[in-house]
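Visitor: Sequence:
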Amino acid sequence: MPSLRSFRSRSAMLCAALMVVVLPTAAHATWSVVAVDRATGRMVVSSATCVAQAALLRFPSKGLMDVQAIIVPGFGVAAAQAGVDRTRANQMLIYAELKKGTHPSQILAMLVADSLIQQRQFGILDMQGRFSGFSGARNGAAALAVQGQVPGTEVYYAIQGNILASNAVIQDAVRAFEAAGGSLEDRVMAAMEAADAAGGDKRCTCDTQPVPKTAAACVARTAHVAYLVAANKSSREGVSFNDGTYDVFLNVTDENTTPDENPNPVRTLRMRYDAWKMRRG
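For the sequence shown, the numbering used here begins at 3 and goes up steadily by one.
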């Protein structure tokens, strides 16, 4: 006859197994830069994460942008991340409310009704220069969300991240965004590179598989995938929250990196961004 101790042990193991089944999946760690320029109507979202492309496909999704970016040309833009809502209900709510002209703070108040809000992270901007952000208490360390305006401009930003190397990832990104010149995309790329240089997603290194095979040696690597998407106020919407026809979409994954690129997706994103700028003239 089993002892009381062995019964308790088996019960504890069963409870642990049930928790694995019942609890939501692990936080979708990432950092992102969301920006708008009221003077031009331009909006940009860029992000990177140490979640591999194969794992993103199992969400299911086409990739990081597919579950994270909310783009409403002429109205606003947002990122929904951390414990990502795989039902897309939160993303669709943000999309619909931005399109109505709802203040980002009011949108955030609606999102707080989500029972899993403490696992979520949001950055929301509209083309009226209004913004809001949120980082749940269960997003791990370090997690931070910062919003603001570049002094003397009509450029606004929301920069957020979770499971980061340190708060410096976001703080350095903010400084780089505000200090950079050029286009809105230039500012966003500068912020992405600053976040990468500060350690990015703390789970990724040059040894974290899968690592693309490239001629360039891996010196530092803080993500598996990265992307940048930019839209104008005249960009055509799709049927969902981010499937429209946009001005540019650059998507770097551990599966589509070529041998002449870099195993660090943020560095490859820079390479593809610079090539896009040259083609555009």
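These are calculated hints, taken from the structure and not from any lab test.
Hints are not guaranteed to be accurate.
[What the hints assert, rightly or not] Simulated crosslink set (SDA-like; lysine to any residue; CA at most 20 Å straight-line): (1) 64 x 41; (2) 204 x 169; (3) 204 x 102; (4) 101 x 240; (5) 215 x 263; (6) 235 x 169; (7) 235 x 185; (8) 64 x 77; (9) 215 x 234; (10) 102 x 88; (11) 101 x 245; (12) 215 x 262; (13) 102 x 256; (14) 64 x 283; (15) 279 x 240; (16) 101 x 239; (17) 101 x 60; (18) 204 x 279; (19) 64 x 249; (20) 235 x 222; (21) 235 x 246; (22) 64 x 54; (23) 64 x 176; (24) 64 x 88; (25) 204 x 222; (26) 204 x 277; (27) 102 x 77; (28) 64 x 91; (29) 64 x 256; (30) 64 x 183; (31) 101 x 41; (32) 64 x 112; (33) 279 x 183; (34) 101 x 263; (35) 102 x 140.
[Said to hold, decoys possible] Here are the computed distance ranges between Cβ atoms for each label pair: (36) 103 x 212: 41 to 47 Å; (37) 262 x 139: 40 to 46 Å; (38) 281 x 117: 43 to 49 Å; (39) 89 x 234: 42 to 48 Å; (40) 217 x 43: 38 to 44 Å.
Virtual Cβ for every residue (Gly too), placed ideally from N, Cα, C.
Visitor: If a hint holds in the structure, say so; if it does not, say that too.
Guide: Verification of the supplied hints:
Between the alpha carbons of residue 64 and residue 41 the distance comes to roughly 32 Å, so the proposed pair goes past 20 Å and is violated. Our distance criterion of 20 Å between C-alpha atoms is met by residue 204 and residue 169, whose separation comes to about 11 Å. This hinted pair does not check out: residue 204 and residue 102 have alpha carbons roughly 37 Å apart, beyond 20 Å. Taken as a hint, the residue 101 and residue 240 pair is honoured in the structure, with Cα atoms around 13 Å apart against an allowance of 20 Å.
With a C-alpha separation of about 9 Å, the suggested pairing of residue 215 with residue 263 holds against the 20 Å cut-off. For the suggested pair residue 235 and residue 169, the alpha carbons sit about 33 Å apart, so the restraint of at most 20 Å is broken. Restraint check for residue 235 and residue 185: satisfied, since their Cα atoms lie roughly 16 Å apart, inside the 20 Å limit. For the proposed pair residue 64 and residue 77, the alpha carbon gap of about 25 Å is over 20 Å, so the pair is violated.
Only pairs whose Cα atoms come within 20 Å are accepted, and residue 215 paired with residue 234 is rejected, the gap being roughly 35 Å. Annotation: proposed proximity of residue 102 to residue 88 is violated, straight-line Cα distance about 23 Å (limit 20 Å). Under the criterion of a C-alpha separation no larger than 20 Å, the hint pairing residue 101 with residue 245 is consistent with the structure, at around 15 Å. This hinted pair checks out: residue 215 and residue 262 have alpha carbons roughly 9 Å apart, not beyond 20 Å.
Under the criterion of a C-alpha separation no larger than 20 Å, the hint pairing residue 102 with residue 256 is inconsistent with the structure, at around 37 Å. Pair hint residue 64 plus residue 283 does not hold up; C-alpha atoms about 30 Å apart against a cutoff of 20 Å. Of the pairs offered as hints, the one joining residue 279 and residue 240 is violated, with about 25 Å between alpha carbons and a cut-off of 20 Å exceeded. About 11 Å separates the Cα atoms of residue 101 and residue 239, which keeps this hinted pair within 20 Å; it holds.
The hinted pair formed by residue 101 and residue 60 fails the criterion: a straight-line CA distance of about 30 Å is larger than 20 Å. The suggested pairing of residue 204 with residue 279 is violated, with an alpha-carbon distance near 30 Å, which exceeds 20 Å. Between residue 64 and residue 249, the direct Cα distance comes to roughly 19 Å. Compliance with the 20 Å bound is thereby established for this hinted pair. For a cut-off of 20 Å, the pair hint linking residue 235 to residue 222 is broken: about 37 Å separates their Cα positions.
Restraint check for residue 235 and residue 246: the C-alpha separation of about 12 Å stays at or below 20 Å, so the hint holds. For the hint pairing residue 64 with residue 54, the CA-to-CA distance comes to about 12 Å; that is within 20 Å, so the pair holds. In summary, the hint linking residue 64 to residue 176 is not supported, as the alpha carbons are separated by about 29 Å, beyond the 20 Å threshold. Among the hinted pairs, residue 64 with residue 88 is consistent with the structure: their alpha-carbon atoms are about 12 Å apart, no more than 20 Å.
Using a Cα cut-off of 20 Å, the hinted pair residue 204 and residue 222 holds, with the two alpha carbons roughly 12 Å apart. A distance of roughly 29 Å separates the Cα atoms of residue 204 and residue 277; the hinted pair therefore is violated under the 20 Å criterion. About 8 Å separates the Cα atoms of residue 102 and residue 77, which keeps this hinted pair within 20 Å; it holds. Under the criterion of a C-alpha separation no larger than 20 Å, the hint pairing residue 64 with residue 91 is consistent with the structure, at around 17 Å.
Of the supplied pair hints, the one linking residue 64 and residue 256 holds, its CA atoms being roughly 14 Å apart against a limit of 20 Å. Distance hint between residue 64 and residue 183 is unfulfilled; the C-alpha atoms sit about 32 Å from each other, more than 20 Å. With a CA separation close to 19 Å, the supplied pair residue 101 and residue 41 stays within the 20 Å bound. Distance restraint check for residue 64 and residue 112: the Cα-Cα separation of roughly 27 Å exceeds the 20 Å cut-off, and the hinted pair is therefore not satisfied.
Between the alpha carbons of residue 279 and residue 183 the distance comes to roughly 15 Å, so the proposed pair stays at or under 20 Å and holds. A C-alpha spacing of about 38 Å is found between residue 101 and residue 263, which places the hinted pair above 20 Å, so the restraint is violated. For the hint pairing residue 102 with residue 140, the CA-to-CA distance comes to about 30 Å; that exceeds 20 Å, so the pair is violated. With their beta carbons about 43 Å apart, residue 103 and residue 212 fall inside the hinted range of 41 to 47 Å.
Remark: the range hint 40 to 46 Å for residue 262 to residue 139 is upheld by a beta-carbon distance near 43 Å. The hint said 43 to 49 Å for the Cβ distance between residue 281 and residue 117, and at roughly 46 Å that hint holds. Our hint of 42 to 48 Å for residue 89 and residue 234 is violated, since their Cβ atoms are close to 30 Å apart. Separation of residue 217 from residue 43 is about 40 Å and conforms to the stated range, judged on CB atoms against 38 to 44 Å.
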